[in-house]
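**Q** So the chains spell out like this:
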Amino acid sequence: MSAAPRLASALGEVYRGLRIRHPSASGTPSPRAILELSKLDRETGRNPAIGVAYKMRGLFSTAATQFSRNPMLRWGFRMTSSAALKRTPLHSVHCASGAKTVDFGGWDMPVQYSSILEEHHSVRKAAGLFDVSHMGEIEIRGPQALQLVESVSTNAVGRLKTGQAHYSALLYEHGGFVDDILVHKVADDCFFLCVNASNQEKDFEHIRAHNVFDAEVDFASDRYAQIAVQGPRALEILQQFTPARLSEIKYYWFVDGEVSGVPARIARTGYTGEDGFEIYISPAEAPRLWHELLEAGRPFGIKPCGLGARNTLRLESKMALYGHELTASINPFEADLAWIVKMDKGDFLGRAALQKSLDAGLSRKLVGFEMTGRGIGRDGYEVWIAGRPAGWVTSGGPSPTLNKNIGLCYLPLDTAVPGVEIEVIIRNQPAAAVTASTPFYKRAKA
Amino acid sequence: MTYPENYKYTKEHEWVLVEGNTGTVGITDHAQQELGDIVYVDLPKVGATFDKGKSFGSVESVKAVSDIYSPVAGEVVAINDLLTQHPEKLNEDPHGAAWLIKLKLPSGGDLTELLSAEDYQKYIGE
Numbered sequence: 001m002s003a004a005p006r007l008a009s010a011l012g013e014v015y016r017g018l019r020i021r022h023p024s025a026s027g028t029p030s031p032r033a034i035l036e037l038s039k040l041d042r043e044t045g046r047n048p049a050i051g052v053a054y055k056m057r058g059l060f061s062t063a064a065t066q067f068s069r070n071p072m073l074r075w076g077f078r079m080t081s082s083a084a085l086k087r088t089p090l091h092s093v094h095c096a097s098g099a100k101t102v103d104f105g106g107w108d109m110p111v112q113y114s115s116i117l118e119e120h121h122s123v124r125k126a127a128g129l130f131d132v133s134h135m136g137e138i139e140i141r142g143p144q145a146l147q148l149v150e151s152v153s154t155n156a157v158g159r160l161k162t163g164q165a166h167y168s169a170l171l172y173e174h175g176g177f178v179d180d181i182l183v184h185k186v187a188d189d190c191f192f193l194c195v196n197a198s199n200q201e202k203d204f205e206h207i208r209a210h211n212v213f214d215a216e217v218d219f220a221s222d223r224y225a226q227i228a229v230q231g232p233r234a235l236e237i238l239q240q241f242t243p244a245r246l247s248e249i250k251y252y253w254f255v256d257g258e259v260s261g262v263p264a265r266i267a268r269t270g271y272t273g274e275d276g277f278e279i280y281i282s283p284a285e286a287p288r289l290w291h292e293l294l295e296a297g298r299p300f301g302i303k304p305c306g307l308g309a310r311n312t313l314r315l316e317s318k319m320a321l322y323g324h325e326l327t328a329s330i331n332p333f334e335a336d337l338a339w340i341v342k343m344d345k346g347d348f349l350g351r352a353a354l355q356k357s358l359d360a361g362l363s364r365k366l367v368g369f370e371m372t373g374r375g376i377g378r379d380g381y382e383v384w385i386a387g388r389p390a391g392w393v394t395s396g397g398p399s400p401t402l403n404k405n406i407g408l409c410y411l412p413l414d415t416a417v418p419g420v421e422i423e424v425i426i427r428n429q430p431a432a433a434v435t436a437s438t439p440f441y442k443r444a445k446a
Numbered sequence: 001m002t003y004p005e006n007y008k009y010t011k012e013h014e015w016v017l018v019e020g021n022t023g024t025v026g027i028t029d030h031a032q033q034e035l036g037d038i039v040y041v042d043l044p045k046v047g048a049t050f051d052k053g054k055s056f057g058s059v060e061s062v063k064a065v066s067d068i069y070s071p072v073a074g075e076v077v078a079i080n081d082l083l084t085q086h087p088e089k090l091n092e093d094p095h096g097a098a099w100l101i102k103l104k105l106p107s108g109g110d111l112t113e114l115l116s117a118e119d120y121q122k123y124i125g126e
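Chains A and B, in that order, are what the protein sequence lines are.
Quick note: the first sequence uses the working numbering, first residue 1, plus one each step.
Quick note: the second sequence uses the working numbering, first residue 1, plus one each step.
Quick caveat, the hints were computed from the structure, so don't treat them as lab data.
All C-beta atoms, glycine included, are put in the ideal place defined by N, C-alpha and C.
Incorrect hints may have been included.
Pairwise CB distance ranges (calculated) [what the hints assert, rightly or not]:
id: 1; chain 1: B; residue 1: ALA97; chain 2: A; residue 2: GLY301; range: 29 to 37 Å
id: 2; chain 1: A; residue 1: SER97; chain 2: B; residue 2: GLU126; range: 54 to 62 Å
id: 3; chain 1: B; residue 1: LYS54; chain 2: A; residue 2: ALA432; range: 23 to 31 Å
id: 4; chain 1: B; residue 1: ASN6; chain 2: A; residue 2: GLY301; range: 40 to 48 Å
id: 5; chain 1: B; residue 1: GLU92; chain 2: A; residue 2: LYS345; range: 26 to 34 Å
id: 6; chain 1: B; residue 1: HIS86; chain 2: A; residue 2: SER437; range: 41 to 49 Å
id: 7; chain 1: A; residue 1: ALA84; chain 2: B; residue 2: HIS86; range: 38 to 46 Å
id: 8; chain 1: A; residue 1: ARG443; chain 2: B; residue 2: GLU19; range: 49 to 57 Å
One side only, chain B facing chain A, incomplete, derived with CB under 10 Å [unchecked claim]:
id: 9; residue: TYR3
id: 10; residue: PRO4
id: 11; residue: GLU5
id: 12; residue: THR22
id: 13; residue: GLU34
id: 14; residue: GLY36
id: 15; residue: ASP37
id: 16; residue: ASP42
id: 17; residue: GLU60
id: 18; residue: LYS63
id: 19; residue: VAL65
id: 20; residue: LEU82
id: 21; residue: THR84
id: 22; residue: ASN91
Next up, chain A with everything else stripped away, as it sits in the complex:
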C-alpha cells in the first residue's frame, strides 16, 4: 500500500507542486497496480533514468494529473521558467509560432500548436510535421557491431539488410524493458539506434556495460535533429526536397541522401500509423528545413504537430509508449510484442527470463478497450472485472478519428481478449468498457 504515495510525492516534488493522483488515491488499488507501482518506485530509487521516464509520462499524459492549487500550475501547462529544461534545435521556432510547450522528460517540447484535434486530423487526412529531435541516437560500429546489437536487443539483427530498419527492444536480464528502439542497419559494421529521449543516457550505459565485443558505442544524439513528416501527403511534400526516390523506399527501410541540399538519413518510419518519413539531419539545418517543409506543405494541408497529437495518433495505432505500456517490470510477451522477439536467433540479454516466463505461462497481457459508459479511462486508472480489481490502464484518451474513448490496459491473460466487459474506475466510480481488438485504427494500404 505504501509504495504508490511515495512515488506520487516524488513526482510532485519534481514538478514543483503538481500533484499526481495515483490509483491508490482513487479507491482501492488492485494488487497488480500496487505491485507495478512499487516496482517502479524501487527502480526509481535505484536507477534515476527509469524514474525520469515515468515522470515524463506522468506529466504529459497522466490523465489523473491533478494540478496544484498553485494557480500558475493549475491548468496543465507549466508557466514557470524553463531554463533548466533541454531544448531541441527547433525550440525557438516553436516558441515564435506560439506553440504551447511542456516539460516532457526534461525537454521543453511543444505539446500543441493550434489544437490537438486539428493536428491529429491533419495527419490522418493530409500531413503533419513533428519535431522529434529530443529522441536519442546511438551508433554502434566495428567488426563486431552486429554481435553487440544482436546480444542486447530482441529482434533478429542478423536478418536486417543494409538500408533496412526494425522495431526492437533492449531488455534487462530479468526480461523487463530497458527501452523500445529502432535499429537501422547502415552497413555490415554500423548500426544506428533511435531511442526514447528520456532513456538515451540509460540505454547508452546499458549497451556499453554489455559491450564485450570489438565494437564502439557512440552517443550520437547531439549530432542529429529529427523531423518527422507523417500523413498521406507526406511523400509528395518531402519529395520536393530530395533527389531520393521516396516511393521506392519501402516501409521500415531508409536511405542516406540529401534533403534540401544537405546530408540526411531518410527513413520510412513513424509513430502515427500513417505513411511518412523520419528525417535525421544536422541540428544546424533543422530550423531551415522545418520552415521549408511547412511552406511547401501548406498547399497540401500540412500542420505542425505537437506531442499531444503524436500521443493520440500512436494510441489509435496501438503503438506502445515507454513508461506506459512498457516498463522495467513488463516483458515483451506481456506487452503483446512477441513479434519483435526472435527466440530462435540465439542468446540475447533477457532471453532466459523470457523463456521462463513462457514456460510458466503469462499472467497478464496488454489489451485494448473502448469505453461504453460515460468517461475517459486514463493511464493509471484501475480496471475491474466482475466486481474485482483485475488490472490497470496504461494509456487512454479520446480517439479523434473514431470519435470514441479508447485505451490500453493490462489484464489477466484469459481476459486479455476482445469482447470482455470491464469497468474502469474513474474518480472512484466504475464506468463500463469492453475490451477491443487492436489496432483501433489501421490505414488503408495504398
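Use these hints to put chain B onto chain A, whose structure you have.
**A** Chain B alone, transformed into the frame defined by chain A:
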C-alpha cells in the same frame, strides 16, 4: 474574449455570477485556452452541496483532467446538460452558454477573496 464586469473570478480560473441567491459557475476563457480541446465534462448531481473551494467536477481536454473548484458554497440546483453532449462548447462560449452549474447560495454567498474582472485580467496578464 471579454471578461464580464458582473462576474467574480478565482485565481484558479473559475467564474461565478451571483443573481439573488443563485450563483452560476463556469471556467474562464483563459482556462479553456490553456486546456485546449475539451472532450469531456464531469458534473455533480442536482442536490449535491459543496463548500467554497471544494472540487465539484472535472473538465478533460484531450490530454489531461483538471478538477474544478467551487468559488462559492451552495447546493446544486441545475447542471448544464449541453456540455454532456457537446463538451467542445466550453471552448466556444465559456462565459455564456457553456456555464457548468447553478448553485443555491446561503444568504447571497461569500464573495470575499474573489477577483473583479479587471483584477483577474491583470492576474493572468491580459
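**Q** Each hint: holds or not?
**A** We went through each hint and held it up to the structure:
Checked against the hint of 29 to 37 Å, the C-beta distance between B:ALA97 and A:GLY301 comes to roughly 31 Å, which is consistent with it. At about 20 Å, the CB distance of A:SER97 to B:GLU126 disagrees with the hint of 54 to 62 Å. With their beta carbons about 28 Å apart, B:LYS54 and A:ALA432 fall inside the hinted range of 23 to 31 Å. Between B:ASN6 and A:GLY301 the beta carbon distance is about 43 Å. The supplied range of 40 to 48 Å therefore holds.
Between B:GLU92 and A:LYS345 the beta carbon distance is about 55 Å. The supplied range of 26 to 34 Å is therefore violated. Between B:HIS86 and A:SER437 the beta carbons are some 30 Å apart, a value that contradicts the proposed interval 41 to 49 Å. Restraint check, A:ALA84 to B:HIS86: a C-beta distance of roughly 40 Å satisfies the suggested window 38 to 46 Å. Taken as a hint, the range 49 to 57 Å holds for the pair A:ARG443 and B:GLU19, whose Cβ atoms sit roughly 52 Å apart.
Interface hint at B:TYR3: violated, since its Cβ lies 16 Å from the closest Cβ of chain A, which is beyond the 10 Å cut-off. The criterion of a C-beta within 10 Å of any C-beta in chain A is not met by B:PRO4, whose closest approach is roughly 20 Å, and the hint is violated. Given the 10 Å rule on beta carbons, the hint for B:GLU5 is violated: about 21 Å separates it from the nearest Cβ of chain A. Taking 10 Å as the C-beta cut-off, the interface hint given for B:THR22 is violated, the closest approach to chain A being about 26 Å.
Because the beta carbon of B:GLU34 sits about 4 Å from the nearest beta carbon in chain A, less than 10 Å, this interface hint is met. Checking B:GLY36 against chain A by beta carbon gives a least distance of about 6 Å; that is within 10 Å, so the hint holds. About 5 Å separates the beta-carbon of B:ASP37 from the nearest beta-carbon of chain A, less than 10 Å, and the hint is met. With a cut of 10 Å, the hint placing B:ASP42 at the interface with chain A holds, because the nearest CB-to-CB distance is about 7 Å.
At a threshold of 10 Å, the smallest CB-CB gap from B:GLU60 to chain A is about 6 Å, leaving the interface hint in force. Using the Cβ-Cβ criterion of 10 Å, the hint placing B:LYS63 at the interface with chain A is satisfied: the shortest such distance is roughly 5 Å. The restraint placing B:VAL65 at the interface with chain A holds, with a minimum CB-CB distance near 5 Å, inside the 10 Å limit. Residue-level restraint check for B:LEU82 is violated (minimum Cβ-Cβ distance to chain A is 15 Å; threshold 10 Å).
For B:THR84, the suggested interface contact is upheld, since its CB lies about 8 Å from the closest CB of chain A, less than 10 Å. The beta carbon of B:ASN91 is positioned within 10 Å of a beta carbon in chain A (closest approach about 9 Å), and the interface hint is therefore held.
Consistency note: the structure conflicts with the earlier hints numbered 2, 5, 6, 9, 10, 11, 12, 20.
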